[in-house]
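Q: Sequence:
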Amino acid sequence: MTTTKNTEVSETEALRADLENTRQHLADTVQELSRQLNVPRRIKESAAQARHRAAEAAGTAGHRAADAASTASHRAANVASTASQRAAAVAGTAGHRAAEVAGTAGQRAAAVAGSTGERAKQVPGLTKQHPGITAAISGVVAGAAAVWIAGGGK
Numbered sequence: 066m067t068t069t070k071n072t073e074v075s076e077t078e079a080l081r082a083d084l085e086n087t088r089q090h091l092a093d094t095v096q097e098l099s100r101q102l103n104v105p106r107r108i109k110e111s112a113a114q115a116r117h118r119a120a121e122a123a124g125t126a127g128h129r130a131a132d133a134a135s136t137a138s139h140r141a142a143n144v145a146s147t148a149s150q151r152a153a154a155v156a157g158t159a160g161h162r163a164a165e166v167a168g169t170a171g172q173r174a175a176a177v178a179g180s181t182g183e184r185a186k187q188v189p190g191l192t193k194q195h196p197g198i199t200a201a202i203s204g205v206v207a208g209a210a211a212v213w214i215a216g217g218g219k
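Take the sequence shown: its letters are residues 66 to 219, numbered as in my numbering.
Bear in mind the hints are in silico, worked out from the structure with no lab data behind them. Errors might be hidden in some of the hints.
As the list claims (entries may be wrong) - Derived SDA-like pairs: lysine to any residue, alpha-carbon spacing no greater than 25 Å straight-line:
hint : residue 1 : residue 2
1    : K186      : G157
2    : K193      : A137
3    : K193      : V155
4    : K193      : A215
5    : K193      : S149
6    : K109      : E121
7    : K109      : D93
8    : K193      : A163
9    : K109      : S99
10   : K109      : H128
Assemble the whole structure, with the sequences as input and the hints as a guide.
A: Set out below in structure tokens:
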């Protein structure tokens, strides 16, 4: 009989523990349902979360835009500086070559033909004879135009 009494006591304790667990679960469920049914508070919570996410997104976007603008500005300044230096170098070199070629071409043209019509007929031939010089003159003109355009036409 002692065994039966111990079994009954342990069964009673098990039922009490089970009852306590059920009560706790029921209390949690009621609390959750109460929270879910409190619509004004849920709306406030949702609005606060949305504001927080929007502020974070705006901050991130602002930082990205500032970084992109800074990078673009630096790249543009570097490209402009390099282009300006190259244009100046090409213009200087091409200017000297153009002056030399013009002097030589002028002397040759004067020596070869006496009349203006004769000289005009020889220009295409001289261009073909001196393609490097022609390219240099074209480069000077293009470089000067680029510098003029980059300077705003001033």
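Q: Given the hint that K193 pairs with A137, does the C-alpha gap stay at or below 25 Å?
A: violated, 43 Å
Q: For the pair supplied as a hint, K193 and A215, is the alpha-carbon distance within the 25 Å limit?
A: Violated, at about 32 Å.
Q: Given the proposed pairing of K193 with S149, does the C-alpha separation stay at or below 25 Å?
A: violated, 30 Å
Q: Does H128 sit within 25 Å of K109, going by the straight-line distance between their CA atoms?
A: Between K109 and H128 the Cα gap is close to 29 Å, so the pair fails against 25 Å, i.e. violated.
Q: Given the hint that K193 pairs with V155, test it: the Cα-Cα distance must not exceed 25 Å.
A: holds, 22 Å
Q: Given the hinted pair K109 and E121, is their Cα-Cα distance within 25 Å?
A: holds, 18 Å
Q: Starting from K186, check that the Cα of G157 is at most 25 Å away, please.
A: With Cα atoms ~30 Å apart, K186 and G157 exceed 25 Å; violated.
Q: Given the proposed pairing of K193 with A163, does the C-alpha separation stay at or below 25 Å?
A: holds, 16 Å
Q: Within a Cα-Cα threshold of 25 Å, do K109 and D93 meet the stated pairing?
A: holds, 22 Å
Q: Given the hint that K109 pairs with S99, test it: the Cα-Cα distance must not exceed 25 Å.
A: Measuring from Cα to Cα gives roughly 16 Å; hence the hint holds.
Hints 1, 2, 4, 5, 10 from the earlier list are contradicted by this structure; the remaining hints agree with it.
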